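J.: Top line first, the protein sequences correspond to chains A and B. Residues in the first sequence are numbered consecutively from 331, following our numbering. Residues in the second sequence are numbered consecutively from 1040, following our numbering.
Hints in this document: simulated from the structure, not taken from any laboratory. All values reported here derive from a predicted model rather than from experimental measurement. Watch out, some of these pointers could steer you wrong.
[Claimed, not checked] Chain A regions said to be covered by chain B (calculated; three or more residues, Cβ under 8 Å): (1) 367-378; (2) 424-436.
[What the hints assert, rightly or not] What follows is a set of in silico ranges between Cβ atoms, one per label pair, in the way DEER data are often shown: (3) A:Tyr360 x B:His1046: 34 to 44 Å; (4) B:Ala1111 x A:Asp384: 38 to 48 Å; (5) B:Lys1103 x A:Gly408: 23 to 33 Å; (6) B:His1046 x A:Lys386: 30 to 40 Å.
Virtual Cβ for every residue (Gly too), placed ideally from N, Cα, C.
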Amino acid sequence: GDSVTQMEGPVTLSEEAFLTINCTYTATGYPSLFWYVQYPGEGLQLLLKATKADDKGSNKGFEATYRKETTSFHLEKGSVQVSDSAVYFCALRARAAGNKLTFGGGTRVLVKP
Amino acid sequence: GAVVSQHPSWVICKSGTSVKIECRSLDFQATTMFWYRQFPKQSLMLMATSNEGSKATYEQGVEKDKFLINHASLTLSTLTVTSAHPEDSSFYICSASGTGLINEQFFGPGTRLTVL
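Bound conformation, chain A alone (with noise of 0.2 Å):
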């Protein structure tokens, strides 16, 4: 079946450091593949999406590319802030699947100041 795997966390970072969250996927045909954002006490909201290889997803200064050919979409940042600290969701979504998504374990950012 589907499957995404991500790094475990925690990630303890300095502001300003670089940030790569890694993430890989098992999927039949061509999935669109998604990173969601969690902070504290709060539901999850979407960060960016890619629908097909080679698209690149970026929003508030993360990015990620779907690679088809290493299954991957590693999240990034150049240069995280305090408020980044939060816990981050890979997911997709199998065409065959209509709207479910598969979710991966999540990975948990602390940017310290």
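Using the hints provided, position chain B relative to the given structure of chain A.
T.: Frame of chain A; chain B shown alone:
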């Protein structure tokens, strides 16, 4: 646009009672709603998918008689935890999706349930 609300945001109840959680799409018609459960420091677990006017489809291992889902209108779905027990304590999150440009899932802020 595409705002989803949940009510209540938190609830504490006694063991054996039932609790109803509402999920509303505020500015779009949600043809499909999803209910998730999230344990502390863990990922989201899909419990069920509901389409307006039809019975919910439950994921394997989720008791449909325990977690009653109703999707009576295009803007409202409810999850009722029946005869709640402490092990039902969790963070419950709903999401909603429509059609066309709003066919992504938009998530509610979550409801924290604590069963004493």
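J.: Has the segment 424-436 of chain A got at least three residues whose CB is nearer than 8 Å to a CB belonging to chain B?
T.: Since three or more residues must qualify, the claim that chain B covers the segment 424-436 of chain A holds, with 8 doing so at under 8 Å.
J.: Note whether the CB distance of His1046 of chain B and Lys386 of chain A lies within 30 to 40 Å or breaks it.
T.: holds, 37 Å
J.: Taking a Cβ-to-Cβ distance below 8 Å as contact, does the segment 367-378 of chain A have at least three residues touching chain B?
T.: holds (count 6)
J.: Return holds or violated for the Cβ distance of Tyr360 of chain A and His1046 of chain B against the range 34 to 44 Å.
T.: Since Tyr360 of chain A and His1046 of chain B have Cβ atoms about 38 Å apart, the given range 34 to 44 Å holds.
J.: Look at the Cβ atoms of Ala1111 of chain B and Asp384 of chain A and judge whether their distance stays inside 38 to 48 Å.
T.: holds, 43 Å
J.: Please test the hint of 23 to 33 Å on the beta carbon pair from Lys1103 of chain B and Gly408 of chain A.
T.: violated, 47 Å
Hint violations for this structure: number 5 only, all remaining hints satisfied.
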